[in-house]
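Each protein sequence line maps, in turn, to chains Y and X. Counting with this note's numbering, you get residues 43 to 351 for the letters of the first sequence. Counting with this note's numbering, you get residues 91 to 412 for the letters of the second sequence.
What the hints contain is simulated information worked out from the structure, not anything from laboratory work. Fair warning: there could be bad hints in the mix.
Quick list of simulated restraints, FRET-style, between CB atoms [stated by the list, open to error]:
| # | chain 1 | residue 1 | chain 2 | residue 2 | range |
| --- | --- | --- | --- | --- | --- |
| 1 | Y | P98 | X | F245 | 52 to 60 angstroms |
| 2 | X | L371 | Y | F183 | 45 to 53 angstroms |
| 3 | Y | R186 | X | R210 | 52 to 60 angstroms |
| 4 | Y | T68 | X | L148 | 43 to 51 angstroms |
| 5 | Y | K343 | X | L371 | 46 to 54 angstroms |
| 6 | Y | G179 | X | L148 | 19 to 27 angstroms |
| 7 | Y | T54 | X | L148 | 19 to 27 angstroms |
| 8 | X | L373 | Y | L258 | 55 to 63 angstroms |
| 9 | X | L353 | Y | T68 | 42 to 50 angstroms |
| 10 | X | K387 | Y | G232 | 53 to 61 angstroms |
| 11 | X | A287 | Y | R255 | 53 to 61 angstroms |
Only part of the chain Y face toward chain X is listed, based on derived beta-carbon distances under 10 angstroms [said to hold, decoys possible]:
| # | residue |
| --- | --- |
| 12 | G182 |
| 13 | A206 |
| 14 | G210 |
| 15 | Q245 |
| 16 | P263 |
| 17 | N264 |
| 18 | I266 |
In this text, a Cβ means the ideal position worked out from N, Cα and C, and glycines have one as well.
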Amino acid sequence: MTSLEMTQEDRTRKKYLGIIRRTRLTRNLTLIIPSIILALFVIMAIFANLSWLGLPHVGLAPHDPNLITMRDQYLPPAFVAGGKSTYLLGTDKLGRDILSRIIYGSRISLSISMLVIFITAFIGTVLGIIAGYAGGGVDGFIMRVTDVALSFPGLLLALLLSVAIGPGYWTVVFALSILGWASYARLIRGEAMRIRQSDFVAQARVSGASSVRIMLRHIFPNIINSLIVLMTLSVGMVILAEAVLSFIGVGVPPPTASWGSMVNDGRTDIDTAWWISAFPGICIGLVVLSGNFLGDWIRDKLDPRLRQL
Amino acid sequence: MSEIVVQVEDLHTSFFTRRGEVKAVDGVTFFVRQGETFGIVGESGCGKSVTGLSIMRLLPEPSGQIIAGKIIFEGVNLVELDRKKMRAYRGRMISMILQDPMTSLNPVYTIGDQIREPIRLHQALPENMIEPEIIESLRLLKIPTPETILGNYPFQLSGGMRQRVVGAIAMSCRPHLLIADEPTTALDATIQAQYLALFKDIQEKTNVAIIFITHDFGVIANMCHRVGVMYAGKIVETAPTREIFKAPRHPYTVALINSVPTLERKDERLFSIEGQPPSMLNLPPGCPFAPRCAFAKDTCRQQEPPEVKVGSDHTVSCWRVD
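Extracted from the complex, chain X is given alone in its bound form (with noise of 0.2 angstroms):
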């Protein structure tokens, strides 16, 4: 099995607010191998985003901060690292493509400045070098003719031809690990397919570990090697996505798998979990999903379920499992 290109350990993320503190993300294990793809599925507010944010170390501070916990990206500790450090990481060795292409891209640089940039912060290369560079992360990204889109502006751009654009400067430098927080989420269904096997092509093609956030299932089956279920700050179940899809084990994975529509069921009503996710401010004692949970027992609603092994790479976190 290929090597492991970053290791979070027990990551706790807070946000220091007037109300208190909230524990966005409260105690999230996992590992991502070398040309693997890890998703993190779950509800919004889970704690999906900040976790991608912590790993890059961009909380905003200074209301968010990383109160505990160990981020290993090969072989070093990120959260140790000063902040001149940790900007060498980023863009070069550790990468992140945001939500909304509409706006990631600066409206007064044309496409071939933007992919500039991060070469010029990470690479001494002699100016006749960065252009073969920029066309070849175009490429990369399956743009059509990038010479001509070089001196565009991003207006002149279509959603999907811009979302590239963006993949593009994340890759711009080969980076070994790359967040996708939602990536799709603002492109409509074919371009969001085309994209997902861009994602694929790329990985194949440079070896690179990928971080998935979603929250659509769909997705998931379609993109990852492996799933980590999150919810209300804690990854309540990881497996491999075929093992998660044929034999889920939290009560929550099972509903969210549930909740999706398919086309086999179409004369019934869709499955939704009933309530809200906890308020993040003040967790109630024990499991996060007891009081939506419809197998809980007096012991969820006491104490927090431990870790358990299942399976040869998966874990879950229920009282039920044993």
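So that you can see chain Y by itself, here it is in the shape it has in the complex (with noise of 0.2 angstroms):
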């Protein structure tokens, strides 16, 4: 009778480890997956020609992105009827190289997005930590500015900035970030009002640290958690925005290469030429969704409860 349950138990506890062992393999593989396809991604936009070293004509990109060849376009990727070898992805309707194109392009949509959200999420939290600890006026007047930036067109500020400035690479960071730090301030002031009342920051005050102490290391560690999702998420937005400000003429001028504008060149030719917007759009999305599964996975690891598992 003992054998017996013995083996029921023993059956219960080898069912749950081995779920809590496929748990962490799936929470391994949200890290080793999206974390590849970003290192790839990144080694694609490092590599795609050595100028850097004093090399333009070796490097990843199999053609100059910016080569005209007319009796080339519109070519299918080469694993379809009709393509050629050369051009793996096919070409545009200017016969430029899809692969090189999206190769030369990530430069551009990667660093803008990556610029673009480092620089609003400090602004943002930095803001948004200052008017939620310190509430009354200070509060007010930060949120006041903030909800004039989000009820802004953000639009026709970067259309505003594009004929002030001109369009061009610093253009668009800076149109995207003038107004992009709103939503983080939004979000992390409310965090930090909810963190201020909490009792250890009470604890903290009673053991005798500073205001700035307590912003810094007592409120902020708390907020990083939304903070990373915040950022992970507006991966997408970004890259999206920058595409949308690339067709109305604000953006990279061509014929430089990103992602965004490449996407919206095919779209005039979506029904017959479908392989000029799909290829950089899968690698938008790729992107986006690398980026949110490694940022499930960075809040699951700064989350000392579910570190457990």
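Got two chains here, each in a separate frame; can you build the complex from them with the hints?
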């Protein structure tokens, strides 16, 4: 009888150990796969060519991304009937190699989105924590400015900016950053207000900690989770916003490739030449997804309650 | 008799709200000696916690302000100190234990890191000297195997253990005054008794002066050398604990003691004080307890009673005592 109970118990134990092992495995997969994808894109961006080593003709890109070859226009990808093996992912309406343009475009798209995300997250976090912690008039002022930033039409501002300082890489970064911080400030302010009320902040004050110390050491670490989630979610938004800006002519001017502008380029021919939009679109999707998965993983890792499993 | 650590003189603390001034603490005077526990007992909202926060100078600004009075701590008037100097006192000379152990610890730091904070803030110790200090603090609170919990996070500890860690943080710099604001309300009865015993033990070892804020006369009887009974922002009676139970003089004190359930009178209905404490927004003239007092006379409703000394350490504010 006892031996029967033992096996029952063993079976249950085995089952739960299995579940935990599987949980661990899937959690690590959400780290490994997105990391590899993002790393590949970053390597792609860095090694598009080696001009930064003084070797402009050596690199991953098989062609000059801006080389126009009119007799090769609208070629489908190599693995589709009618494709040429020299153009692995086909060509666009000017006969430019899609693959090379994607590789070069990753430089623009990735660097702009990283820059914008870090700038906006930094400004938004600083303002949000100050507003949430200080409260009162400071909070009122910062939040009214945030409301204005949130309600201001971003495209209009971007247009004005491009007229004022001319279109280009830094104009895009500036245009996306100047309003983008507001959503961070809103979120962080709410979190900071909640945490300011908590007893451990009172405890820190009782221990003699200064306001600056409380904001940095006690409020900020408790906010990181939400911050990272918002940052990873905005990867997609920023890449798409950059595409929109390219579309209305405020973005990085042609012929320089960016993923967003490539999707837009193919828009008119989507029924006959799907590959022009599809491949850069897939790249955007992969980066956004990887970002989200990685964000989830980091959030789980930072939460000590989930770290045990 | 040992030296006086803190002397609160005629302290007035008010909150300025949209509906007017709330005199949360309205002329409180008391002192605490070295190695002594002074209990402040009273109903919710009588100003016990605000008295504690006033000594720490941690009132929610700008609405809460100390209007008048002195808080003399070891010869220094804390009311006059600027923020920076006051910060040097907090955690170092004066410490406080807050009510809820579940939320008093920062969830993202380990226990070791959280005890390290006050030590780092106040003592210029080399890094390798801090760790023994932390373990020493945990030992003081009788935490078994302190070395092993240094790397733990708050959620991994039980409620009683967390409360001890909170105590270890408060005691980490060996303060001269410890303010405990209802530290046992969130704990169950057995843990509560253990925790109170721990306080006595700490006091014996470190000779710290303790201000114990509670609404529980049982805890007072167990813990305190002297008691101040607070009602509507005023201390209405101060006496040694033994005396307050044997010969309470103020009708409010009598009523409070009578409302504690005892094992002897099991067939009777539990005594309770009629009515509600007065609104702190507009206190009636005279004695604040008069509307609920069974012995109230006309004088009680018109004039505030003076503080009368009825024993060597016993004072009462009541017209009936003459």
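Results for each hint:
{"no.": "1", "hint": "Y:P98 <-> X:F245: 52 to 60 angstroms", "in the structure": "56 angstroms, holds"}
{"no.": "2", "hint": "X:L371 <-> Y:F183: 45 to 53 angstroms", "in the structure": "31 angstroms, violated"}
{"no.": "3", "hint": "Y:R186 <-> X:R210: 52 to 60 angstroms", "in the structure": "38 angstroms, violated"}
{"no.": "4", "hint": "Y:T68 <-> X:L148: 43 to 51 angstroms", "in the structure": "46 angstroms, holds"}
{"no.": "5", "hint": "Y:K343 <-> X:L371: 46 to 54 angstroms", "in the structure": "51 angstroms, holds"}
{"no.": "6", "hint": "Y:G179 <-> X:L148: 19 to 27 angstroms", "in the structure": "21 angstroms, holds"}
{"no.": "7", "hint": "Y:T54 <-> X:L148: 19 to 27 angstroms", "in the structure": "51 angstroms, violated"}
{"no.": "8", "hint": "X:L373 <-> Y:L258: 55 to 63 angstroms", "in the structure": "43 angstroms, violated"}
{"no.": "9", "hint": "X:L353 <-> Y:T68: 42 to 50 angstroms", "in the structure": "59 angstroms, violated"}
{"no.": "10", "hint": "X:K387 <-> Y:G232: 53 to 61 angstroms", "in the structure": "55 angstroms, holds"}
{"no.": "11", "hint": "X:A287 <-> Y:R255: 53 to 61 angstroms", "in the structure": "34 angstroms, violated"}
{"no.": "12", "hint": "G182", "in the structure": "14 angstroms, violated"}
{"no.": "13", "hint": "A206", "in the structure": "42 angstroms, violated"}
{"no.": "14", "hint": "G210", "in the structure": "41 angstroms, violated"}
{"no.": "15", "hint": "Q245", "in the structure": "5 angstroms, holds"}
{"no.": "16", "hint": "P263", "in the structure": "5 angstroms, holds"}
{"no.": "17", "hint": "N264", "in the structure": "6 angstroms, holds"}
{"no.": "18", "hint": "I266", "in the structure": "8 angstroms, holds"}
The structure shown violates the earlier hints numbered 2, 3, 7, 8, 9, 11, 12, 13, 14.
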